[in-house]
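With this note's numbering, letter number 565 in the sequence shown gets 971, and the count goes up by one each step, no holes.
No lab work stands behind these hints, which were simulated from the structure alone. Computed from a predicted model, the values in this text were never measured in an experiment. For every residue, glycine included, the Cβ atom is placed at its ideal position computed from N, Cα and C. One or more of the hints may lead you astray.
What the hints assert, rightly or not - Have a look at the derived ranges for each label pair, beta carbon to beta carbon:
{"#": "1", "residue 1": "A478", "residue 2": "V559", "range": "22 to 28 Å"}
{"#": "2", "residue 1": "R564", "residue 2": "L870", "range": "21 to 27 Å"}
{"#": "3", "residue 1": "P516", "residue 2": "Q1025", "range": "35 to 41 Å"}
{"#": "4", "residue 1": "A738", "residue 2": "A582", "range": "43 to 49 Å"}
{"#": "5", "residue 1": "N418", "residue 2": "F856", "range": "52 to 58 Å"}
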Amino acid sequence: MQMLKANDMTLNTLRAVFRPLGAILAFGVPVVAVIWVLSIPQRMGLLIYPEQVAALLLGAAICVVFLRELDAASGMRGWLDAVFALFALGLGIWVFVRFPALTEGSHFHPKEAFNLGLVATVLVLEGLRRVVGWTLVVITGAMFAYAFWGDHVPGPLRGRGLPLEDVMRFIGTDSAATWGAALQIAAFVVVIFVLFGGLLMAVGGGDFFTQLATRVAGRGPGNTAKVAVVASGLFGSISGSAVSNVMSTGVMTIPMMRRSGFRADQAGAIEAVASTGGQLAPPVMGAAAFLMAELLQMPYRDILLAAMLPAALYYLSLYCQIDFIARRDGHAEADWIEKVSLRDVLMRGWLPLLAFVVLLGAIFTWNTRAEVAAIWALGLIVSVALALWAYQRVTGAERAFGAALSPLEVAQAIRKTGGQVCDVLLICAAAGMIIGLLATTGLGFSLSLFLIQFGGSNMFGLLLVTAMVGIVLGLGLPTTGVYLLLATMAAPALVQLGIPSLTAHMFVFYYGMLSMITPPIAMAAFAAASISGAGQVQTGLQAFKFGWIAYFLPFLFIYKPGLLMVGTWWDIGYVFASALLALILVSAAIIGHGLAHLSLFARGVALVMGLLIIAPLRQLGPPVLEYGMTLFGLILIAGYALQLRSATSTPAQGQIPYQ
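All chains, full assembly: derive it from the sequences and hints.
Here it is in structure tokens:
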């Protein structure tokens, strides 16, 4: 007993020693990323490889993960976490110092290169297991097994077995593996935008989004859920993480929806779907969007433009369903929601709004790289917030400016960002290993060839298989990891079949995201269920229903490219308008209510018409077939509205009037 107490006391001492180290490293990760993006080392005449800096940040991130685990560990587990943390820090420093020599001549240092690859593999996989569980660890392990014993795989995916020494040297020293493009994008782009989001929230961005959502969507039946959709979408476009967005905004929006009459499973599902959509909503989107821009060597603004219309349809579909449910179930407008004038909203949120103007202006007007534009916006936020704090200190004024931040508060926001991005850095490091092994073993080429042969006879079948693989992989992986895997394995085959690169990548990006609301493991829905108190299965099924349009949109990217801003303005406008018409019809059919109750026959007609309008009929017949169906659907809705208008003035017996 005394030995156990002594061990616990020693661990407490260890925690006290290591806790400041974790805070310093978490603070240092985004600071080093900003320094590198601003090219300060190059301006000073220093010759440093990006792989060196990325490795340093990864080592710090892994160290932070293990130190975070140390706080809750006990016994031998605590000591193991401390040892892993020190090894991780040593790994980052060692690669930073030795990478130039090893990458140009690893064969001159075979033992060092082997040990480096072995340590990097163990630390990344163990850190990954702590962060996201076993799924990505198993996938990475399977890739290592293929590298060792690929010559034993039968059929067209047969490869060549590589010696253990060669694989580990490749993992530890090659620019196409651990320290490659995936990790560098996370370290130098994603980190910057997460920092932008963190500081934006620190200067009142959260209140600004909530109040703006209230002004935009705070009226009409079911207004509490509509406010939740707009607010969660705005939050999600900054955070880029569906689960963290649910946990941060859901504690406010879900009780608000419950109070106005929505069922617990409905409230949780609405929050989950709205939060998930933030990953595809401009202007910031999620980490995968930055990875897409770098992999395609395409300006980030092109990704933003392509994502605008699909994101609008996604949220309009959810908005329509909420309105129809509120009318069906008699949810009146909640008049207890505080309504602030738009002028007051803009006055209170002027700094977050100005930061967005700088960000988008730099990207679209001055063609600045996305990460540099984010640093400009960061500089504005920090300088103004510190200036307001200094003004208050000098004048003795009360804290009238919500945008004012002290130097300590700025440092805390930066440190918090460093802690948040550790998971993404680990995921991207593992993805870099997988991408490198796919290339060096030839599996990537073999897999693409196999998929091309399959898709040559049935492209729709290939799209369907790719969609299913994306959803299945996503059951245990975050969107970033799923996108990187599919972008490496499936997207090249789609491109080889004639699908444009951006379209192919947007297709796999969407299906990587949809796992968040797809049962049986809908992580965003399950997180929302923990707040609402509803059953996880019921919430997941409701989320699947509310997010129905997201399962159709990726196929529209292929067959109706106008949705991604490709083609003439007529094509773009027509595709968006027809998709909007279709989502109204299908949403009404799903809910069983539009502006009034729908009979079973009316629901069937609305469902069939909506699906026919959204279907690529131009691929099956003359264009007049598709245009005619859209026109017929428009006439159907217009006739329905006119009938309701007539019914409200002289309602027939047994007919439900418009409410």
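Outcome of the hint check:
The beta-carbon spacing between A478 and V559, approximately 41 Å, falls outside the hinted interval of 22 to 28 Å. For the pair R564 and L870, the supplied restraint of 21 to 27 Å holds, since their beta-carbon distance comes to about 26 Å. Separated by about 56 Å at the C-beta atoms, P516 and Q1025 break the suggested range of 35 to 41 Å. The hinted window of 43 to 49 Å between A738 and A582 is violated, with their beta carbons roughly 60 Å apart.
A hinted range of 52 to 58 Å holds for the C-beta pair N418 and F856, which are about 55 Å apart.
Hint check: violations occur at hints 1, 3, 4; the rest are consistent with the structure.
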